[in-house]
Amino acid sequence: MKNILIENIIHNFEQQRLLCEKMVASAQEQLEILRQAKKAGMPSQVMDIMAERQKLLDDLQELEVENRALQQQVISELEINEFTLSKLKAKLESEQFANLKEMVNQMGNILKSISEIDDQNQLLMKESLARVNKTKTQVNNQQASKAYNQAKNLK
Numbered sequence: 021m022k023n024i025l026i027e028n029i030i031h032n033f034e035q036q037r038l039l040c041e042k043m044v045a046s047a048q049e050q051l052e053i054l055r056q057a058k059k060a061g062m063p064s065q066v067m068d069i070m071a072e073r074q075k076l077l078d079d080l081q082e083l084e085v086e087n088r089a090l091q092q093q094v095i096s097e098l099e100i101n102e103f104t105l106s107k108l109k110a111k112l113e114s115e116q117f118a119n120l121k122e123m124v125n126q127m128g129n130i131l132k133s134i135s136e137i138d139d140q141n142q143l144l145m146k147e148s149l150a151r152v153n154k155t156k157t158q159v160n161n162q163q164a165s166k167a168y169n170q171a172k173n174l175k
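The numbering of the sequence shown is my numbering, which starts it at 21 and goes up by one.
FYI, nobody ran anything at the bench for these hints, they're computed from the structure. One or more hints might be untrue.
[Claimed, not checked] Only pairs whose alpha carbons sit at most 20 angstroms apart, straight line, appear in this in silico EDC-like list of lysine to aspartate or glutamate:
#1 LYS109 - GLU27
#2 LYS121 - GLU102
#3 LYS22 - GLU72
Required output: the full structure, derived from the provided sequences and hints.
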C-alpha cells in the first residue's frame with residue numbers, strides 16, 4: 021500500500037523541481053546578460069532577474085518548510101530515526117521508493133546546476149564591480165587633480 025505522506029513529499033519535491041528549473045533558466049539568462057555586458061558594466065536587467073530569483077527562492081523555502089514537516093510525520097509514522105533513502109527503502113513499496121529516489125536525484129542535479137551557473141555569475145559580477153570601481157577611482161583622481169590645478173592657478 022502506498023504511503024500517502026510519501027506521495028505528498030514526492031509531489032512537494034516535484035513542485036520544488038519545477039521552481040528549480042525556473043531558477044536554472046533565470047540563472048542562465050543572468051549569465052548570458054553578464055557575458056554580453058562584460059564591458060558595459062552591470063545592466064539593470066540583472067537586478068530584475070535577481071529579484072525574480074529571490075521570489076523563486078521564497079517560494080522554494082515555503083515548499084521546503086512543508087516538506088520538512090511531512091518528513092517529520094513520516095519519521096514518526098514509520099518509526100525511523102531520520103528521513104534518508106537508506107532508512108526508507110525497507111519501509112516503502114518498491115515503486116514508491118523508486119519515485120522518491122528519482123525525485124531526490126533530480127533535485128540534487130538541478131541544485132548542482134544552479135550552483136555551477138551561480139559561481140560563474142558571481143565571478144562576472146565581481147569583475148563588473150571591479151571595473152566600475154576602477155573607473156570611479158580614475159574619475160575621482162582626475163577630479164582631484166583638476167581641483168588641485170584650479171586651486172594652484174588661483175594663487
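Hints versus structure:
| no. | hint | verdict |
| --- | --- | --- |
| 1 | LYS109 - GLU27 | 15 angstroms, holds |
| 2 | LYS121 - GLU102 | 15 angstroms, holds |
| 3 | LYS22 - GLU72 | 37 angstroms, violated |
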